[in-house]
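Residue numbers (this note's numbering), protein chains in the order written: chain A, 1 to 431; chain B, 1 to 431.
Watch out, some of these pointers could steer you wrong.
Identical copies look the same in the list; a pair holds intra-copy or inter-copy alike.
Claimed, not checked - Calculated cross-link-like contacts (lysine-lysine; reagent style PhoX-like; alpha-carbon spacing at most 20 Å): (1) Lys66 / Lys303; (2) Lys330 / Lys258; (3) Lys303 / Lys356; (4) Lys310 / Lys258; (5) Lys330 / Lys66.
For the record, the hints were derived by calculation from the structure and aren't laboratory data.
Protein chains: 2
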Amino acid sequence: MQNHVSKSRLLQILGKRLNFALHQQSVARKAALLFVLAFSLTVISISRSVIAQESSDTQPQLLSQKQVHSIADFTTFNGQSIKEVKLGWESYGELNADKSNAILITHYFTGTSHAAGKYAASDATSGYWDSIIGPNKAIDTNKFFVVSMDSLANLNVKDKNVITTGPASINPATGNPYGLTFPVITMRDMVNTQKSLLESLGIQKLYAVAGPSMGSMQAIEWATAYPDQVERLISVIGSSFSDAWTTAALEQWTIPIKLDQYWQQGNYYKSQPPTEGLTAALMFITQVALTPDYFNQVGVDLKHQPLESKPLMDIQARHGINDWLYNRAKGRAENMDANSLLYLVRACQLFMAGQKQDLRTGLKQMTAKSLFLPATTDLLLMPYNARNTYKELKEMNKDTKIAEIQGHLGHLEGVLNIHKHSATIAAFLAE
Amino acid sequence: MQNHVSKSRLLQILGKRLNFALHQQSVARKAALLFVLAFSLTVISISRSVIAQESSDTQPQLLSQKQVHSIADFTTFNGQSIKEVKLGWESYGELNADKSNAILITHYFTGTSHAAGKYAASDATSGYWDSIIGPNKAIDTNKFFVVSMDSLANLNVKDKNVITTGPASINPATGNPYGLTFPVITMRDMVNTQKSLLESLGIQKLYAVAGPSMGSMQAIEWATAYPDQVERLISVIGSSFSDAWTTAALEQWTIPIKLDQYWQQGNYYKSQPPTEGLTAALMFITQVALTPDYFNQVGVDLKHQPLESKPLMDIQARHGINDWLYNRAKGRAENMDANSLLYLVRACQLFMAGQKQDLRTGLKQMTAKSLFLPATTDLLLMPYNARNTYKELKEMNKDTKIAEIQGHLGHLEGVLNIHKHSATIAAFLAE
């Protein structure tokens with residue numbers, strides 16, 4: 001064991017810093033922070049170097065390296081073939097001799113495999129769950145081999161640290177981007193690419209699988225599709241299936257993309273992409289992933305006024321809050337691909353635990369111990385999803401627990417404030 | 001007094017019928033009902049003839065007639081001029097000799113002046129608040145003269161019973177539709193058109209003003225802009241100003257319209273209108289005005305399955321729930337105008353009680369007694385809006401009351417199930 005700040009001290013500093021980051025800074029800095037934090041690889045945690053400077057100990061820097069896993073011929077759940085699949089992955093900690101200490105982290109909708117650490121000590125920010133993954137943290141990399149993989153059809157196709165295969169990839173059979181000829185994918189397909197990676201590493205069983213949001217869907221799919229290979233499941237701000245409400249809510253994100261005249265039925269890779277449509281989708285996602293409390297705090301900082309003079313005089317002008325939302329979404333859109341968003345929405349819409357016809361059939365398969373961590377103020381995957389799944393599992397006498405993440409960040413509590421349940425997660429993993 | 005079914009019996013039947021209408025019928029009929037009920041002039045109430053058949057008494061049919069109010073030169077809040085304004089209005093009950101029994105009903109975003117009754121006994125449905133407006137109902141037309149007016153820029157420009165002036169109207173100065181040259185309007189402007197009508201009828205003071213949703217904004221504007229002319233205010237599923245969250249949430253509805261290639265900066269009146277964009281906006285409105293519980297009940301009826309075969313095989317196909325939502329929204333879009341939606345969104349975004357710079361300044365003006373009826377499950381104008389306004393008024397020692405509408409219809413509880421608070425409203429009006 002290396003010399004560390006104590007975990008409690010670390011969390012205290014993290015909490016203080018996060019609070020500072022989100023509430024005390026200037027609007028511009030807060031806005032930049034929110035989007036960098038919420039929607040990039042480099043979400044959530046405070047620069048470890050800052051913490052190291054504040055602490056009397058020196059905190060070791062978790063460094064990660066992007067690697068590539070290739071699958072020559074991948075067959076999708078719906079029976080189609082994708083040749084030459086390449087997906088990025090990274091890991092933290094060491095695989096033990098009997099390969100029994102692997103924890104898989106599955107990422108959220110706009111996320112990537114960069115769950116923790118930095119690529120270089122000089123990186124401004126760390127992976128999105130860095131507050132719970134690392135030496136002596138809730139998911140302790142002194143004990144566990146933590147692995148994470150870029151999804152199929154990952155949104156961030158222009159991020160240099162993301163390696164994905166999706167509609168923006170070149171179809172080797174034609175030499176052109178797939179566009180909408182890319183097969184529809186499901187959570188099972190994401191799971192199967194992860195399974196292929198784990199098998200290549202000789203890992204037969206996961207000590208645990210954990211993920212937020214869309215990552216929760218993958219984690220639940222693991223535990224229900226391959227119950228013998230999952231010992232523990234942590235579902236954060238998640239859902240065990242896409243109900244009618246969620247299926248309709250997700251569809252909203254696809255609509256502005258399809259209405260954008262540059263979308264061209266997905267054939268935009270050699271012309272102008274549907275940036276306005278993608279930007280709109282990201283505006284919708286941002287709002288539903290947050291809460292009135294959060295927006296109204298931003299409103300205070302922006303001096304939001306219903307009677308702002310520009311929108312009062314000009315039907316084409318926007319209120320400051322909408323300029324703020326638009327500009328940040330547009331910045332995020334630069335790294336992303338619109339068709340990939342359509343594919344990820346569809347994968348979420350198609351999700352049912354174990355890809356069965358009903359929830360009970362899927363959940364019955366589960367043998368893993370499970371922990372559900374919904375966010376009480378979540379407006380995207382509302383906490384009823386996790387509460388109902390927990391209830392179903394309890395009725396089946398499965399070993400399951402639930403705890404709610406409190407706070408005013410809504411869905412994003414499960415990404416930005418996951419460390420609030422560090423102790424819950426650590427205890428669950430120690431069982 | 002005429003011979004009626006008792007009020008309690010009437011409400012009992014209404015409740016039973018509404019429950020039947022919303023929960024027991026076939027999917028197709030339920031869907032048709034929802035949209036007819038929720039978004040047309042002919043919302044909510046059960047055919048009075050059905051009730052009459054079921055009761056031993058005969059219930060008189062409230063019949064209304066559309067009339068027109070003209071304003072030769074209307075000056076908007078932002079200082080612009082609109083010539084030859086024409087707006088439809090209707091009334092129920094009789095104005096008394098001293099003109100002290102007038103109650104103004106202000107309509108919601110997608111609504112019209114058809115608040116109660118029918119135009120002809122053979123009409124399939126009645127006005128949207130028919131369950132509380134009529135002889136011996138909560139707003140008793142045996143006692144009160146109830147009046148309601150089509151808004152400026154009313155959405156339903158192709159409805160033969162709607163008379164409005166807005167961006168789809170012909171600008172008399174050019175002979176062409178205004179499009180985006182129509183001035184930006186505010187709640188104050190809607191109120192001022194209503195004030196003009198009331199003055200033409202010799203009414204100097206309102207016994208009460210009441211409205212749901214956008215109608216609540218108009219009602220609050222009345223009570224804060226013209227406090228001497230309003231004795232009672234009933235705000236249903238409403239808000240006293242548009243906060244940053246609401247301003248951003250409303251903006252979402254405008255985005256698909258502006259992305260539709262047929263929108264053409266609002267110049268579509270002589271070509272193809274932006275129907276897909278308008279349909280998308282109505283899909284968004286429908287979802288946020290309802291709840292997961294409601295959608296998931298529809299999902300049960302539609303046999304919603306995440307793994308439906310068409311969306312599993314085809315990225316361009318939709319789940320049944322989304323076909324359902326799309327088809328009904330598209331039907332509604334046929335009567336509506338896309339630019340008018342942009343103007344109504346802007347009017348809501350610009351709303352602050354009394355059109356002051358802050359809420360306290362506006363609310364301080366109020367002398368009316370007030371009653372707030374938010375819906376507990378409302379996801380559009382969440383109940384915190386009404387709760388906070390009530391709290392502010394209490395702190396100012398104003399005479400104010402609050403009661404919440406319980407139920408699983410979210411925002412639409414305030415339209416479809418307003419009769420749940422018939423007794424509250426009747427008691428408030430009797431004070």
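Here's how the hints hold up against the structure:
For the homomeric pair lysine 66 and lysine 303, neither the shortest alpha-carbon distance inside one copy (42 Å) nor that between copies (43 Å) is at most 20 Å. In this assembly of identical chains, lysine 330 and lysine 258 lie within 20 Å of each other by CA distance both inside one copy and across copies; the values are 17 Å within and 16 Å between. In the homo-oligomer, the alpha carbons of lysine 303 and lysine 356 lie at most 20 Å apart only across protomers (14 Å), although the nearest pairing inside one protomer, at 50 Å, exceeds that limit. For a Cα distance limit of 20 Å, the shortest separation of lysine 310 from lysine 258 across copies, 18 Å, qualifies, whereas the shortest one inside one copy, 30 Å, does not.
Proximity of lysine 330 and lysine 66 under a CA criterion of 20 Å is satisfied in neither setting, with 26 Å inside one chain copy and 47 Å between copies.
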